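Peer 1: For reference, the chains in residue letters:
2 protein chains.
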Amino acid sequence: MIPEKKTIEAAYGRIQPYIQRTPIMTSAGVDEMAGCKLFFKCENFQKIGAFKARGAMNAALQLPPQQRSKGLATHSSGNHAQAVARAAKILGIKSYIVMPNNSSEMKRRGVLGYGGEIFLCEPNLRAREETLHGIINKTGAAEIHPFNNYEVIAGQATVAKELIEDVRDLDVIVSPVGGGGLLSGTALTVKFFSPTTKVIGAEPEGADDAFRSMQSGKIEPAAVNSVADGLLTSLGEKTFNIIKTEVAEIITASDKEIVAAMRLIWERLKIVIEPSAAVPLAVVLKSKEKFFGARVGIILSGGNVDLEKACELFNKYR
Amino acid sequence: MIPEKKTIEAAYGRIQPYIQRTPIMTSAGVDEMAGCKLFFKCENFQKIGAFKARGAMNAALQLPPQQRSKGLATHSSGNHAQAVARAAKILGIKSYIVMPNNSSEMKRRGVLGYGGEIFLCEPNLRAREETLHGIINKTGAAEIHPFNNYEVIAGQATVAKELIEDVRDLDVIVSPVGGGGLLSGTALTVKFFSPTTKVIGAEPEGADDAFRSMQSGKIEPAAVNSVADGLLTSLGEKTFNIIKTEVAEIITASDKEIVAAMRLIWERLKIVIEPSAAVPLAVVLKSKEKFFGARVGIILSGGNVDLEKACELFNKYR
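Going down the list, the sequences are from chains C and B. For the first sequence, counting from 1, position 226 maps to 226 in the working numbering; every step adds exactly one. For the second sequence, counting from 1, position 82 maps to 400 in the working numbering; every step adds exactly one.
No lab work stands behind these hints, which were simulated from the structure alone. Among these hints, one or two may not hold up.
Claimed, not checked - Short derived list, chain C residues pointing at chain B, Cβ under 10 Å:
1) Lys6
2) Ala10
3) Cys42
4) Asn315
5) Arg318
To be verified - Derived SDA-like pairs: lysine to any residue, alpha-carbon spacing no greater than 25 Å straight-line:
6) C:Lys107 with B:Leu625
7) B:Lys634 with C:Met106
8) C:Lys198 with C:Lys288
9) B:Lys425 with C:Ala34
10) B:Lys604 with B:Phe529
Everything numeric in this text was worked out from a predicted model, so none of it was measured. Just so it is clear, CB atoms sit at the ideal spot from N, CA and C, and this is done for glycine as well.
Given only the sequences and the hints, what does the whole structure look like? Please build it.
Peer 2: Set out below in structure tokens:
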């Protein structure tokens with residue numbers, strides 16, 4: 001069932017011992033460039049370096065004891081893999097993580113660091129799902145989907161909950177959108193706790209399936225061509241159902257605009273964020289007229305980027 | 319006169335409206351690597367991106383009104399230049415900043431952004447001092463020396479004051495040392511407010527003049543060969559007098575060790591620091607036995623680094 005006000009409050013109480021309350025940062029210089037007042041919610045400082053720690057933990061904590069004891073399973077090339085492995089470690093159970101064989105060494109090390117067992121497969125959705133189902137059949141582990149899961153959505157909704165508690169009277173919150181877990185959670189939080197705030201999704205041009213889905217009214221397949229490697233999946237049914245009614249608009253940004261926004265955040269806020277986390281600021285800077293004079297919450301979704309890769313991007317789009 | 323307990327308390331009260339109380343960060347992963355408990359004082363989030371905002375402001379606020387009205391002057395290629403320009407802007411007076419003609423575009427823009435007037439000169443100490451004295455003779459502006467000035471030292475001392483207020487029972491504080499303003503200020507704060515804490519200076523091997531000065535008992539000239547470009551000056555008489563009696567030890571680190579520590583902080587803490595700010599962690603990691611099991615305060619002095627330059631360093635010392 002779509003998370004309600006009480007569901008989100010309960011999720012927050014449940015995961016609070018296991019997550020960071022991340023800080024809000026501001027920059028007068030960036031505000032001046034943007035023509036509005038920006039409040040950056042720094043989930044790059046979250047456990048595992050991204051908001052994904054919230055949703056995975058909320059889902060894992062709600063498994064019935066017998067189911068829980070069989071472990072957790074998921075397929076992910078990114079932050080959700082570490083989030084599930086960490087949740088399992090905290091609960092003292094096993095985790096089985098299917099990762100594409102082209103996933104980065106750094107991310108594999110993250111999963112192994114939390115005691116996760118990695119299963120490599122070919123880098124396509126079919127191979128990932130088949131490998132995962134094989135493991136689940138064998139172990140009885142519980143699948144934790146990265147976004148198409150209401151417990152996960154309720155967990156991600158707690159990011160915006162902290163944001164609106166710390167910053168009053170936001171006119172808009174801009175969240176990145178990939179599979180839609182964070183965006184749909186943000187939209188629900190705003191609906192229940194700050195209904196005058198508008199929610200906007202920020203998406204890479206090269207993976208603009210959410211933008212197209214909003215136009216067509218049905219889930220469109222994702223293109224997969226963007227530097228924002230955390231946002232390449234298409235929406236799920238559960239996330240799209242929430243997004244299509246609760247989100248005002250999806251705005252896209254080019255890779256060049258995303259890297260420029262990422263550079264600005266590294267240089268001015270002195271913090272490290274991953275490309276996907278830069279999309280909301282990129283969207284604000286390219287659509288200034290829409291945000292002029294407003295109080296804008298920006299969700300910096302994560303900070304897991306290889307320094308070599310970041311440097312390549314800065315160099316390429318200099 | 320060497321700052322006393324009351325002087326540092328007064329300095330803190332005086333500058334508080336104009337500076338940030340910067341956060342303390344921790345990382346379980348880095349603690350594990352270091353074998354001790356580290357508390358990072360994040361002056362990279364300070365106004366102008368470095369602790370220098372404190373000392374310059376404290377000195378500027380203590381000028382007699384008539385002297386103050388004639389403006390501020392200094393020579394600096396780095397963070398102190400921006401700190402003086404910012405102090406002048408806040409006070410509504412002029413600032414005259416002598417910068418070497420090889421100083422970075424980014425740093426010049428910083429000074430101009432605060433309304434400072436820049437005078438370029440040849441990149442050597444004699445040209446810098448001559449240019450500065452010419453300006454002072456003409457304008458009557460007050461020189462604010464970057465470190466050999468007791469008001470500046472008392473201002474920099476407030477970094478450690480906040481650190482020991484936020485983190486109880488530190489066994490050691492490790493501070494970078496260039497001209498010695500931050501290190502001598504840290505040593506005074508510890509002497510007055512936390513006398514059981516030890517203070518250690520962290521210096522690049524390629525500019526180990528403070529290390530050699532401690533051996534010889536007199537101020538040794540600085541070598542100027544290190545990636546830690548904020549730490550290339552030699553000590554001043556005022557800073558050395560404090561350091562030689564109040565600092566337990568100076569430890570040096572190589573450029574390779576400095577860049578490795580910088581990378582670790584970017585990757586694990588998800589924050590941007592400049593090479594000079596990485597020297598204390600480099601020193602702890604290379605001398606683990608000295609810090610084993612201790613509670614260690616690490617002063618991250620600043621975050622002003624060109625991304626292109628940082629990427630070059632990461633690549634060179636990979």
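Peer 1: Hint by hint, say whether it matches the structure.
Peer 2: Comparing the hints with the structure gives:
The restraint placing Lys6 (chain C) at the interface with chain B is violated, with a minimum CB-CB distance near 33 Å, outside the 10 Å limit. Hint status for Ala10 (chain C): violated, given a least beta-carbon distance of 28 Å to chain B, over 10 Å. Residue-level restraint check for Cys42 (chain C) holds (minimum Cβ-Cβ distance to chain B is 8 Å; threshold 10 Å). The restraint placing Asn315 (chain C) at the interface with chain B holds, with a minimum CB-CB distance near 7 Å, inside the 10 Å limit.
For the restraint placing Arg318 (chain C) at the interface with chain B, the shortest Cβ-Cβ distance is roughly 8 Å, inside the 10 Å limit, so the hint holds. Annotation: proposed proximity of Lys107 (chain C) to Leu625 (chain B) holds, straight-line Cα distance about 23 Å (limit 25 Å). Annotation: proposed proximity of Lys634 (chain B) to Met106 (chain C) holds, straight-line Cα distance about 20 Å (limit 25 Å). Distance restraint check for Lys198 (chain C) and Lys288 (chain C): the Cα-Cα separation of roughly 16 Å lies within the 25 Å cut-off, and the hinted pair is therefore satisfied.
With a C-alpha separation of about 22 Å, the suggested pairing of Lys425 (chain B) with Ala34 (chain C) holds against the 25 Å cut-off. As the CA atoms of Lys604 (chain B) and Phe529 (chain B) are separated by approximately 16 Å, the hinted pair is consistent with the 25 Å bound.
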